[in-house]
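Participant: Sequence:
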Amino acid sequence: MAQFELTFKAFGHSALLIEWPARLEENILNDILRLQSILESEINEGIIETVNAYNSLTVLFDPLKVNLAELQHTIKTLDRKDAIQVIKSNRTWKIPVCYDSSFGIDLEELSQSKKISIEELIQLHCQHTYLIYFIGFLPGFLYLGGLPEKLHAPRRPSPRLKIDRGAVAIGGMQTGVYPSESPGGWNIIGNSPINFFDPKSNPPCFAKAGDRIQFFAVTVEDYKNIREEVLKGEYKIEKNDRIN
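Those letters in the sequence shown? Residues 0 to 243, by numbering that gives the first Met the number 0.
It is possible that some hints are incorrect.
Claimed, not checked - Derived CB-CB ranges, DEER-like:
hint : residue 1 : residue 2 : range
1    : Leu-160   : Asn-43    : 42 to 50 angstroms
2    : Gln-2     : Glu-107   : 46 to 54 angstroms
3    : Glu-108   : Asn-224   : 28 to 36 angstroms
To be verified - The list that follows gives simulated cross-link-like pairs (lysine-lysine, DSS-like), each with its CA atoms no further than 27 angstroms apart:
hint : residue 1 : residue 2
4    : Lys-75    : Lys-64
5    : Lys-207   : Lys-235
6    : Lys-235   : Lys-223
7    : Lys-231   : Lys-199
8    : Lys-161   : Lys-113
Derived from the structure by calculation, the hints contain no laboratory data.
Because the structure is a prediction, the values reported are computed rather than measured.
Cβ coordinates follow ideal geometry from the N, Cα and C atoms, glycine included.
I would like the entire structure built from these sequences, with the hints used as guidance.
Facilitator: This is the structure we're talking about:
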């Protein structure tokens, strides 16, 4: 794994922002997650939480236990090769999606702009796996990388005031699922019947950064049946474990 030069910025008196090069790369994400693991497992005294994004890691700490300058120095002097040795078990989650036109309200327009059939668009969307870079915007909103270039599409010129819970969408070079009703400007191509965020569960979101998502198409009838199972707490998301 390549070594990346890091920059450091203080966030007030109780947080440190660590930044990687501003690129969307799996190698950068892996470096972030492995350093995050080292910080949480080996330098955990006084560290409250770490939060990753595309190319950054924010370290929240107790200023009564941790000195900002000392923390920054410790991180700078870490043997970054140690981070490469941290092995994490990640998963690929299989997510059902109904691409029926009643859900995929932008499917036809998107297929026309891409000069491909709706069937080909759905096939392309399902045949790839998508890396979770981080969770944000809404609780349970997974920022996914890996969308085929052929499906890249600009956000809509005017955002909608209401996007349904479970809406599967494409925006720019990304795809994602709205975990709750929300305004949004992405192109809606389907809907997933599962819950992406449940405050009563631990953890509230089943997936984490470094995991992968693969979508598979279901019929309207399948969608309704799965949704009923979800509401009863009976549906189990299919997953495959893997080791980095």
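Participant: Starting from the range 42 to 50 angstroms, see whether the pair Leu-160 and Asn-43 falls in it by beta-carbon distance.
Facilitator: 43 angstroms, holds
Participant: Going straight from one Cα to the other, do Lys-207 and Lys-235 come out at no more than 27 angstroms?
Facilitator: At roughly 17 angstroms apart (the allowed maximum being 27 angstroms), Lys-235 and Lys-207 satisfy the hint.
Participant: With a cut-off of 27 angstroms on the C-alpha distance, tell me whether Lys-231 and Lys-199 pass.
Facilitator: 14 angstroms, holds
Participant: Between Lys-161 and Lys-113, is the straight-line Cα distance small enough, at 27 angstroms or below?
Facilitator: 25 angstroms, holds
Participant: Does Lys-64 lie within 27 angstroms of Lys-75 when you go C-alpha to C-alpha?
Facilitator: 19 angstroms, holds
Participant: Could you say whether the range 28 to 36 angstroms given as a hint is met by the Cβ separation of Glu-108 and Asn-224?
Facilitator: The hint (28 to 36 angstroms, Cβ to Cβ) holds, given that Glu-108 and Asn-224 are roughly 29 angstroms apart.
Participant: Can you confirm whether the C-alpha distance between Lys-235 and Lys-223 stays at or below 27 angstroms?
Facilitator: 15 angstroms, holds
Participant: So the hint says 46 to 54 angstroms: do the beta-carbon atoms of Gln-2 and Glu-107 match that?
Facilitator: Hint holds: Cβ distance 47 angstroms, inside 46 to 54 angstroms.
The earlier numbered hints are all upheld by this structure, with none contradicted.
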